[in-house]
Each structure stands twice: as structure tokens, then as C-alpha cells.
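Given these sequences and hints, build the entire structure.
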Amino acid sequence: QQQVKQSPQSLIVQKGGISIINCAYENTAFDYFPWYQQFPGKGPALLIAIRPDVSEKKEGRFTISFNKSAKQFSLHIMDSQPGDSATYFCAASSYSPYKYIFGTGTRLKVLA
Amino acid sequence: DTGVSQDPRHKITKRGQNVTFRCDPISEHNRLYWYRQTLGQGPEFLTYFQNEAQLEKSRLLSDRFSAERPKGSFSTLEIQRTEQGDSAMYLCASSLGAGSQPQHFGDGTRLSIL
Numbered sequence: 001q002q003q004v005k006q007s008p009q010s011l012i013v014q015k016g017g018i019s020i021i022n023c024a025y026e027n028t029a030f031d032y033f034p035w036y037q038q039f040p041g042k043g044p045a046l047l048i049a050i051r052p053d054v055s056e057k058k059e060g061r062f063t064i065s066f067n068k069s070a071k072q073f074s075l076h077i078m079d080s081q082p083g084d085s086a087t088y089f090c091a092a093s094s095y096s097p098y099k100y101i102f103g104t105g106t107r108l109k110v111l112a
Numbered sequence: 001d002t003g004v005s006q007d008p009r010h011k012i013t014k015r016g017q018n019v020t021f022r023c024d025p026i027s028e029h030n031r032l033y034w035y036r037q038t039l040g041q042g043p044e045f046l047t048y049f050q051n052e053a054q055l056e057k058s059r060l061l062s063d064r065f066s067a068e069r070p071k072g073s074f075s076t077l078e079i080q081r082t083e084q085g086d087s088a089m090y091l092c093a094s095s096l097g098a099g100s101q102p103q104h105f106g107d108g109t110r111l112s113i114l
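Line by line, the protein sequences are chains A and B.
Numbering follows the numbering used here, with no gaps: position 30 of the first sequence is 30.
Numbering follows the numbering used here, with no gaps: position 43 of the second sequence is 43.
Hints are computed from structural coordinates only; laboratory data are not their basis.
The model shown is predicted, which means the values in this text are computed figures rather than measured ones.
Please note that the accuracy of each hint is not assured.
[Claimed, not checked] Chain A is faced by these chain B residues, among others (derived, beta-carbon under 7 Å):
id : residue
1  : PRO43
2  : PHE105
3  : ASP107
Built from N, CA and C at the ideal position, the CB exists for glycine as well.
Rendered as C-alpha cells:
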């Protein structure tokens, strides 16, 4: 119930294309869903986050789509660039201590 | 906003030695978290502080691990009698406010056990 399942494990996209990463959860008590980007040797950096009272949130080239009934959410990266090549993690949190449960990560490679 | 700072960035030690890591959260952030990340995996929660109080510890945190956050500012994570399985990246994150909030991560301490 505490798991967050993330797919695909790896993704290769052409420059200018759309990258889509999916996550699914079981625990309906989760109330906050962030996405993080991580480069080798660095800590995760917050990209964008959503709460379950909205179905979509957009910030620049990054969009989260959220389907509460299906218990799924996804990250869309529009106009993908080589600089977007990194590992992406979805996460979920709920009630105290509001710890994050992370997905297993998606390694994205954007070809120039 | 100077971000979350962790020290050292890398630590190499022999099995059986004790190690201590430090985390300086974003100032005014009342919550501080420790996570552990192994290669190819997402971070896993270890422990959480609200101000100076340690409010939750994961089952991953054996009795060889201890964490403190004196005066609700910086935090330390100590591992005693290190084992090969302790090799990982140890990440610190901080957040502010009530309810589920954005957590801001440091760049971690990479621990290697020889």
C-alpha cells in the first residue's frame, strides 16, 4: 500500500519530442505528489508537484496529469532537450511525518 | 536561500569504523528528513525531525544509526560499526510549514565502505 510504481525504467526521446513518465499508487491517503530530477552525483531537485484536488498542473515545459480515480499521475516534458537527460523520480506523501515514498526512477536520455 | 548543505560530500572508511555526517537545512525550515539512496533506486526514508524533536524512525535505521538535531538547526547522522551494506548516498532534505510540503534536498554524502 505504501509503494509508488514508476514506469518506464528508461526512456530515449529525440530532441524536441515529448517525454512521458507514469506513476501509480495504492494509498488513497497520499495528498501530495512531487516530481524530482536528479543528475549524477547530485541530490534530487524539485521540478513540479500537484495535490489531488486538481487534474493538471503546468510549469514551463513540465506538466503533471493526475487521475485520482485511477490512482495514477504522470509527468510530461514537452520539447525535450539534451539537457533534460537525467533520472526522474515521482513521489507521494501523506499525514505526519509527511515522508516521501519514491518511485524507482526513470532514466531519460534525450538525443540531440 | 542558500539551499540545503551536506558535509562531507564523500566519505571512504573501513568496515567497523564510525562515521558522522552533517546537514545544514534551509534556514527557518522547521522539518528535516534523512533519506538513503542506493545505486539505481529512489531515496528511502530514514528519519524525521520537527524542530529538535525526532518524531519518526524507519525500520531501516538499525541501532547502529543515530541522528540528532540540537536546537532545531543543523542535524547529524552517525553510523557506528559500519558495514558493507551501509554504502549508499545519504540525503538530507528540509521543508517548512504544516501538512505535505515541498522538500528541498542537499547533494548528499556518498559513503563507501572498504
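Results for each hint:
1. PRO43: holds, 5 Å
2. PHE105: Since the shortest Cβ distance to chain A is 4 Å, the answer is holds.
3. ASP107: Result: holds, 4 Å to nearest chain A Cβ.
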